[in-house]
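Chain by chain, the residues:
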Amino acid sequence: SQQGEEDPQALSIQEGENATMNCSYKTSINNLQWYRQNSGRGLVHLILIRSNEREKHSGRLRVTLDTSKKSSSLLITASRAADTASYFCATDSGGYNKLIFGAGTRLAVHP
Amino acid sequence: GAGVSQSPSNKVTEKGKDVELRCDPISGHTALYWYRQRLGQGLEFLIYFQGNSAPDKSGLPSDRFSAERTGESVSTLTIQRTQQEDSAVYLCASSPGNGGNTIYFGEGSWLTVV
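Residue numbers (the working numbering), protein chains in the order written: chain H, 2 to 112; chain Z, 1044 to 1157.
Chain H with its partners taken away, still in its complex shape (with noise of 0.2 Å):
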C-alpha cells in the first residue's frame, strides 16, 4: 500500500503563478523527499526533509514537514513552462531509502 498520498492529483497554473502540492502520509519516518520526473522516465531529486527539520529551501522550492500532522507540502514561486512536469513525494521509513511514494501531482504551467 503507498504511504504518501499527493494532492491534486492534477495542477493547471499560468507561468509566475505559484503551485503548491501536498503530501500525506500514515507512518513514522526518517525523511520525505521529493522528485519530480519528466515524462515518465527517470526521476530527479529535488529536496529532502528529515523528521527533525520544519522548512527547507532550494532555489524557487520551498518545502514544509508538519510530522505531528503527517504532511508536507512543495511550494514552486514563481513558475516556468519548464516545470511542467509530475512531482512526487517520497517517505523513508527503515532507514535505507526504502522510499514509499504516493501517486504525484501532475503541474502543468502554461505560458
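Think of the hints as simulated: they come from the structure by calculation, not from any bench. All C-beta atoms in this analysis are idealised placements derived from N, C-alpha and C, irrespective of residue type, glycine included. Each hint should be verified, as a subset may be incorrect.
Claimed, not checked - In silico lysine-lysine, DSS-like type, Cα no more than 30 Å apart, as pairs:
#1 1100(Z) x 27(H)
#2 1058(Z) x 1100(Z)
#3 1100(Z) x 71(H)
#4 99(H) x 1054(Z)
Unchecked claim - Label pairs and their calculated CB-CB ranges:
#5 11(H) x 1063(Z): 18 to 24 Å
#6 1061(Z) x 78(H): 44 to 50 Å
#7 1124(Z) x 65(H): 44 to 50 Å
#8 42(H) x 1059(Z): 34 to 40 Å
We have chain H; now place chain Z onto it with these hints.
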C-alpha cells in the same frame, strides 16, 4: 559512469517469455534499488541491495520476479513467464550507502508484454 544506466530502454515481449533488465549503478554506490511504475501511478518498491546481498526483497510481486547483483555493481532484474500486468517502467536507482542520502535514478526500462 556518470549516472545510473539501464538497458534495454524499451522492450516488447510476448506473454510467457522471460525478460532480463540490467542496471549499472553509479560507480562506488553500495546501495541499489529496483522500483516499478505502472502508467499514471507512483513507484512501487521491489528490492533493495546493499553490496551483493538483498536485505529487503519484500516488494517482489511474485516468484516470477528475481534479482541479483554481482561485484557490488551491475544488477539484473529477471521476470519469468511474463504476464500483461507486468507491463510497466522498471526503474533502478543507487545511492552511496545508508539511508538519508540522495538516491539517483536511471531512465528506466519500459516493458510492454503483448
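Given hint residue 1100(Z) paired with residue 1058(Z) - CA-CA distance at most 30 Å: Since the Cα atoms of residue 1058(Z) and residue 1100(Z) sit roughly 24 Å apart, the hinted pair holds (cutoff 30 Å).
Could you see if the CB distance from residue 42(H) to residue 1059(Z) stays within 34 to 40 Å? violated (27 Å)
With 18 to 24 Å as the target window, see if residue 11(H) and residue 1063(Z) comply at their CB atoms. violated (35 Å)
Measure nothing beyond the straight line between the CA atoms of residue 99(H) and residue 1054(Z); if it is 30 Å or shorter, mark the hint as holding. holds (26 Å)
Against the range 44 to 50 Å, how does the distance between the Cβ atoms of residue 1061(Z) and residue 78(H) compare: consistent or not? 48 Å Cβ-Cβ, so the 44 to 50 Å window holds.
Given pair status - residue 27(H), residue 1100(Z), alpha carbons within 30 Å: With Cα atoms ~22 Å apart, residue 1100(Z) and residue 27(H) stay inside 30 Å; holds.
What's the verdict on residue 1100(Z) and residue 71(H), does the C-alpha distance respect the 30 Å limit or exceed it? holds (26 Å)
Hint check for residue 65(H) and residue 1124(Z) - Cβ pair distance inside 44 to 50 Å: 46 Å Cβ-Cβ, so the 44 to 50 Å window holds.
The earlier numbered hints that this structure contradicts are 5, 8.
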